[in-house]
Every structure is written in C-alpha cells, then in structure tokens.
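The residues making up each chain are set out below.
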Amino acid sequence: MNKNVVVGKTGLSQGLQLCKVCSHYSEQITDPTHCPTCLNKISLRKKNSLQKTWALLITAIIFIIPANLYPITYLLKNSTLYPDTIFSGILSLVDSGMPGIALIVFVASIVVPLLKIIALAVIAFSVQNEWNLDPKKQLIAFYLIDWIGKWSVLDLFVISIMVAVFDKGHLLSIYPGLAATSFTLVVIATLSAANSFDTRLIWDAQTDE
Amino acid sequence: MNNQLIKKQAKIQKKHSISPIWFLPFIAALLGAWIVFQHITHANVEIQIHFDNADSIIVDKTKIRYKGVIVGTVKKIQLDSAEGINIIAEIESHATFMLRQKTTFWLVSPKASLTSISGLDTLFSGSYINLQPGGGDRATLFNALAEQPISIPDNALLINLRSATADSISVGTPLFFKKIQVGEVAQVRLGNKGRYVNIKVFIEKKYSHLIKDNSKFWNISGLNANISLQGIDFKLDSLSSLIAGGITFSSPQDGKAISAAAEFELFESLDKTEMGLEIELGLTNITNLPKGAGIIFKGLGIGRITDIQYSIAKKQFVASAVINPQFSELVTEGAQFWLEKTSITFSKISNLSNIISGDYIAFSPAPVLGKKKKSTRFSVQEMQIPAAQSLSLILLTEDATGLSAGAPLSYQGIKIGKIGQVNFSQSGRFVDVMVNIDHQYQYVINKNSRFYTLNGVNFSASLKGINLQTSPLENIVSGGIGLYNPHPIKKSALTKHIDDSHSFRLYPSKALAKLGEDVFSKTLSVALLSKQLPSLSEGAPVYYHKLPIGEVAAFTIDDSSLIRTTLNIKGQYKHLISNNSIFWNISGFHINASLSGIKIDSESLLSVANGGIAVDFADNNVNNRYKNGSYKLFDSYQQAVQPTQTIKISFDQAYDLQVGGKLRLQGLVIGEISALSLTRDNKVQAVAQLQPQFAEQVAREGSRFWIVRSELSLNGAKNLSTLVTGVYLDVLPGNGEPKNKFTGASHKPIIAIKDIGLSLILLADNAGSTEINSPVYHRQIKIGEVAGKQLASDASGVEISINIYPEYAHLIRKNSIFWPASGFNLDIGITGASLTSTSLTSLIKGGISMSTPDDQPLQPRADSSNRFTVKKEMRERWLEWKLAIPQP
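Keeping their order, the protein sequence lines are chains U and S.
So the first sequence is numbered by this note's numbering: it starts at 24 and just counts up by one.
So the second sequence is numbered by this note's numbering: it starts at 1431 and just counts up by one.
Worth flagging that the hints you see were computed from the coordinates, not collected in a lab.
A couple of the hints might just be wrong.
One-sided and incomplete, this derived list gives chain U residues near chain S with beta-carbon spacing under 10 Å [as the list claims (entries may be wrong)]:
1. Val29
2. Ile81
3. Thr82
4. Ser111
5. Ser205
6. Ser219
7. Arg223
8. Trp226
9. Ala228
Using N, Cα and C, we set each Cβ at its ideal position, and we do this for glycine too.
With the rest of the complex left out, here is chain U (with noise of 0.2 Å):
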C-alpha cells in the first residue's frame, strides 16, 4: 500500500477499492471489477442497495399486520379449533404462569421484527437524506439488527416442531395459521432487506460541514 489510508474518510473518496472476500483494500482503478489480490468480482458499493433494502423492508411491513392480526396457530382439542394469534398466544402464557416464556416469545415475535423493521428504516432514512446521524452509532445499531435478525425465526421453529408433535387426530392437533406464513415472509424481508443494505453506505451520507 503505497497510499496512506486516512481515518475519518470514505475509502470511495481516497480512491480505495475493499474486497469483500478477502477484507484487502486496494487501490481504485479504472476497472474496478476484480481484487487484485484474490480475483474476485469488486463492486465499489451494492448495487441499489438502497433500493433493495426499502423494497424488502416495504414487503416485510406488510406482512407483519396480518403476522399480528391473524391467528398463527390453530389448536385441535377435542374437535374444536382453538385459534391463537401470537399475540393471544402471549397472553395465555401469561395466564397460566409462564411469564419468562412469554416475554421470550414476545421479543423474539413481536419486539425483534418491530425493532428490525423500524431501525434499518431509520437507517435508510438516513442516509437517503443525509440525516447525518452518528455513522457509529447507526452501523452499531445495523449489526445488532443484523445478529438478532436470525432469532426471530424461533417462532416459525416452535410452531413447526408443534405442528409435527400434536399430530393426535381430532384429540390434539396444531396446524399454522396465516400469521405464520406472514411472519415467516416478514422474517425472510427483513433478514434479506438487512442483508442488502451496503453499511458503507452510511458513511457515503455523511455530508462534511
């Protein structure tokens, strides 16, 4: 590296290309397309990524409403249908005694979508408009989205495991609902619309004053 790399600014601005597989920083050239050092493809920024993270984040709002609204478990007892919504389903947790579940199941089903949905939206909103908020702060805030993104699929796991075991016929059943199919396309948006948002695109908004 013959170029003096300063902190502070956007490697876009100091003419320096980063390979995303191999983590090497190098120097823009005119063709930008492959790292000079392991060969793969190099793209400055994702491509529409802003784009992309707002169209999923768009799908993954509107999914959550009828993911809340509607029953995500049907349970079977004695031939009638007991509908659960999740957040029924929270509540009778609640009623008979199982506080710490139902909080875990509340975060994890209801708190975590929310919170992912609501923060990488005020992160694109950032930079879309050049809110020059904290870089830090956001690229924190996007990464602890992005590790907790993966725990809301506990849900989904929880009612497919049940699906399977109470399988006893008219005695004992559980089938999903439609809130489950929602919240599994709220889960798939979000983790993807987090997936692609380029994070280098916070600094880029960061207009100097």
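Once you've looked at the hints, dock chain S against the given chain U.
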C-alpha cells in the same frame, strides 16, 4: 500520463434504475389488500345473547354451533343491568345470515341419564351454545332458551298426553306399541294450573296411523311390584322401560286415525284405563292366588285379577279381572281359564316361580275363534281341560301300572296328546284309560291304530353286552302311552271319525303292538315232538324273533314214544303259528369249542336260565312235522331250516381224520364229519354232513375227496395250519349224477391242477430228479409245475406231464426247448471245478427249465398236442436267448 488517463475516463453517470426487487412489495401489497378486503367483507358479527346464568360458558372457548358446525365464539360475558347475563359472541361471517329474530340459542351441556347420554362430546370440548335458525328480520339481540327445545323427527306426529303425575316419565321415555318403540316423550311440563302434567309425545311417522281417536295411553313404567302376603308379584315390561319408564297405548280397530295433534289422557296403569275387558272368574279355591295375579296366555301377561270376593250365593270366589284390550278378542265363549300351580312331581317341576309370586291364572282361547260370542263370565278350572275338539279315546288295559293322568301320549316321539284320566271300566274287567288327542294330531288316529305303554326302561343284557334303553325321564316316572300305526299316515289324511264306542286295546309294549291284533282270542296249544326231553322247564318261553309269544305248558310222552312238548301260544300271536312253522330249541348255551376257537351261542338270558323254544316261519317245503301232524322240535335253527345231506366217503387210511373235521371246498367250509367207522373191508368210512346249499354241487358223481394234512419235507412245509386245526377233507366237485358214496384219496389229485393252464407232455430218457410238483422255470421264474410222470407206453422213455400256469401258457412255442434244471452241474477240468446250480429249490426238488430260441421267427403257441423232448444238457447260449414274446 495520469492526466491523460483522467481525460480519457468515461463520464460516470449515475443511473437511476428501478430494481426488480420492487416486485416483492408490490405483490405483498396486493396480498395485503386482498386480506384486508376479505376481512372487511367477511367481518364477524357481534351478537348479544341473554342468558339466565353463565354456567360453563367461557370467553373465547365456548363456541356457538349450528348442526355441529362452529359458527361463532363467545367473546365477552357481561352482567345484564337487570337480571342474568349477556353474552357477546362473534358469529362468523358465513353464518350471519342465520341471525334472524326467531333464531334461538340454548346451552348444550353434557347430560347423562339411564336411558341416554347426550352431549357427551361436551364433556371434553366443554358446553357450547346451539343455534337454531328461525325466520324474521336480521337481529343481533337474542334471548337464550332455558332448555333445549323439543326436537322431533320430521313429520312425526306430536300428541299431548295429560297425566296426573309425571311418574317416572321424562324426556326420552319411550312410547311402545306391542313392545315396539314407536315414539318418545319429547317434553314433560306442568300444566298451566299445575293440575296436570302435560307430556308431549311424538310418534314416528311410520307408526302415526296407530294412534286412533279412541286410543288409550297408560304408563308401563318400570317395575310394578305388587307385594302382598301371598308373595311378591313382579310385573316387568321391557328393560328399557324398567329404567326409563314407558308408555304404551291401545289402537282399537274401529278408531279413526288422527291427523293433527290431539290430546289424550295418560293413565297410571292398564287397570286405570277402564277399557280393559272386565271379566268375572269363578274360583273354588284361592289358596296362593294373590290379588293382582296375572292372567297369562302362553307366557304373555294379558290381564290381571283386580279383585277377589267371596260370593255367598254362588258359594265360590268371584274374581274380577281385566284383560288387556289387545287380547280382548280372544276372550270368547269356549275360552278356558285355569289355575297354574306349582307342581313338583317326579316327572317335572313346573311353575316353581309360583312359590314366590303366587299362582297365576292361565288362559287359552277357544280353539276356533270367530263365530264365538264374547263372554265375560268364566269359571277357573283346576287344570287345563283340552278343548272340546280334542279327540278322546278309551284304551282298555288290564294293568294301568305307571299310567297317570297327564302323562303324555306320543307318536313317533312327538307328543300328540295326554292321558286324561285312568279309571275302572264299567265291566270292571279292564281299566279305562282315557286319552285326549290334540286336535292337530287327530288324523293319525284310525281304527287300525294301536296303543302301547311306553316302558320306562328297556333293559336287555346279553353276552354281547348290556343294552339299556330308556325313554325320556318323564316316561320312566309317570309312564306314557305310545301310538303305533301299521301304515304310515300322510299328513294330508283326513281325520276319520272314530266311533266313541270303539275301544282300543292298550298293548304292553311296542313290539306287541306291532304284532298283536287279536288280544282277546284264546291261547293256542301246539304240540311238538322230539326224541329226547328238551332241556326245558315248564313255563319256559316261546320266542318269535326274540319276542315271547307263549310258554311251554307240559311235557308228555306221545303214543309214538316220542316226547311231546305242549306249548301255549298267546292268542294275539296265533297267527304266528302256521303249517310251515318250525320250532327249535334255544335252550342254554351252545358251546362249540375246538382248536380253531371257541364259539358260544346263546339266546336271551332268560332262555339260558329257563330254556326256551323259538318259532319261525320256514319255506313251504320244509319237513317240519311228523306224520301224525305234530311239529318237530329241532335242535337248532340250522337243523330245522336246512337239514344237512349226508354223504359217505371211504378212505384207505384215516390219518388224523376226526369227527368234527371240516369238509372244505376251495377253502370254504361246506360240511363236517359226523362219524367215522371201519367198513368190513377195513376201509375207513367217514360220514360227512354237507350243508344243504353245497350238497347239490358236491354230492355228485365225479367229485373227488382227499385228506389235507400237514406235510413237512425238504421241499417245504404245506398245510401247517392243519397241525393246529386238524386235518380236513378237501373236495373237487364233479358234475355227474347225484351220488352220496365216494372214495376218498389221501393226496391231492393231480387232475386238480390239470384243469387249468396248459398241459404238455415232455419226453425224457429218464425221470431224473423230477418229481411231481417240481417246478418248471423260464428265466428262473416258475411258470408251471410237473403234474406227473410215467413210463412211455413202450418203455422207451419217460413221459413227464407238466402244467404251465395259464398266465405263462403263451411262452411255450412250438420250438421251445426244455432241459432239466435239476440239481447242480459240476464241471471238473484242469482249470478247476465249476459248480452251477439253478435255485436251491431246484437243487432239492429238481425241475425243468425252458427257453425259446431267438434266432428263429416267433413260432405259434404250443398246445397240449405238442410233444417236447427234454434235452440232456443245457447249453450256455440257451441262457442268452432273448426272444420277446408278446402277451396274447
């Protein structure tokens, strides 16, 4: 360089492309919009139902169902400001059309009663609210019903019953008609003023025609126990009615069917309906007859006694009874009532239950219904009297032992009547047994019918074993009468009118009934003559086919110095004695012990002890009488029927011939030697008794007799069995004129063999070791034997006659060669000695071998005219001939 590069660098224009990813939110938005649309258009409707209480209603759990389908859920329970509670429920959008003003709701909870369990599913799923749609405008406010409305099947007839008490009648109580459930109580309500209980009953459509305008309904609920000093009387309808109660009704023929709902009164019991036919029964004795005793018709209670009073005027008890209207048509003139009491006899125990429940009155309708007038006054008999139509016959017997009134009269095992009474006859000579024959069996009685007493136990013991036959226990104890008809009677036979004056004789046994016709006739005296006094005693029985038909009356000496045995044959068996009757002695045992075994013949045990005489018919040409007309008494049946023919055979030597030795024809015993004597010319004369069926064949000119005895020789053992059984005579029947004197031989005649097979004469230089019976071999298989040998007429050689077995006769061809197979062939040369021998038998017995050359064409078969020369020596190549000789 750098500047140049910058100059040349293309102008990068930011391109505002729209990513295809926007497709996703677009679809999501569409879906969302659709969901929202669905949600709005299919919005659940909230309704409010007013309940008195909210027992077992749970928010979010209690469902609203219509015909089992969940159409809504209780969402909220509110206290009503006035009274009760309001339930806010959400009715699903697809069911909202049922929410009309007249729609009813009620709570369904599990209900288990003895007769039915309903709403069982709610035990697990919880109670639910049922919705029954009704008409009217749309509504959202409802009042729940306190209980389930009457649910009646479509088109069922609904009637109202008015009863003083509900009396174990509840919803679901069955309505019976003739014990078949035709409907059900749908509702039990107190009447407006509380005076009556209104019972709504529905009758299934298919039975609704049974309800007439004059039908009466009464309660048959449960167990009707009538406990009195006389005992406990249980009356029980169906088990279901025991548990749940029941209602039944009458359906009079003359009533009109009702169409619309009607009101009837429900009576407490049949008696209370006051429509049962009331009758009066006269009784002489009411011991153990409880008040309320049932009137039973073939096991079915058709009525009961309601009251018993003593009538001083009639000097008897008068019982009022009510007959179930369903059976009132049966109560006509001619119907019978009688008292059924517990009876414990040896033959049967009947009505044991009466000990507990008291006696009851049995009923039987008049035999012919229809024209009879209805009657209401009857007198109760002590026992059932057969209907007038039953045929009464008088049987005469001298001994009525074991016969009692009520004992059955059976015909071929079927009870067709019973003994009515047993009494002395007018004349005093007989006992009159009156039997009543059931109407439907009267056709089996005709003038030829014979009656006999059914013996309880038939015990017959013989040396074969003991045979014990018993009739049903009932007959053993109470006796009985059987009917025997000489000719089977077709069912279609018309009932013949039997004159009352015609009396039947009662035979002591079936066997007698079969035989006897004239029991009144006197005994028949028969005289038998025999040379010796038979081993009989006076009183010994005379049997006809083991049936005792008479007895020995006396022994006297006849003029002709023979012993005269006088028999008395019972009158009814007179016909068994005819001109060709034969009599023989069956006294005691006939023991025939010989080395071949012991044979014991015995007649019945009685005849063993007492002696006896048997009689039977014989063929017409039997010599069964002496010249003076008296019958002969034979020693045995054989002797009587088939007198043996005596032939005399003289032998040079008797060997071991003994009296009793058998005479056999081809192994079959056809006679035996009865005497052996020495004639004047020192010959042994055997007298043989030929069995008659063989006599004609054997006692002919040309028959040859010889003694068969055991022979032990080097050749083998023959007839070893005669060592044990003794020698016997064999016979070869001739076909000449009848003859009875013969000369016997000590050996089997050769001619016997010559009759079968092919006889040939062989010419040989000398007889060699050939003997009679020596075998003739072909390929070491015995195909014949030597029948005899003799010098040729000019003594130039020996003629050996052989007999080839018929199955091998075709093997002998005109060019066949014979050589002696006898003995052995010893060749002694330089190389050593060689010994050839055919078989051990031929070594001992000698024999002749034969073969046919195969180098010549097959020659014709030889016949008895052919002569063959026996070669002196055998050549080896003869043994190698392999001529195929086809079976003829």
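Against the structure, the hints come out as follows:
no. : hint   : verdict
1   : Val29  : violated, 20 Å
2   : Ile81  : holds, 4 Å
3   : Thr82  : holds, 4 Å
4   : Ser111 : holds, 8 Å
5   : Ser205 : holds, 9 Å
6   : Ser219 : holds, 8 Å
7   : Arg223 : violated, 16 Å
8   : Trp226 : violated, 18 Å
9   : Ala228 : violated, 15 Å
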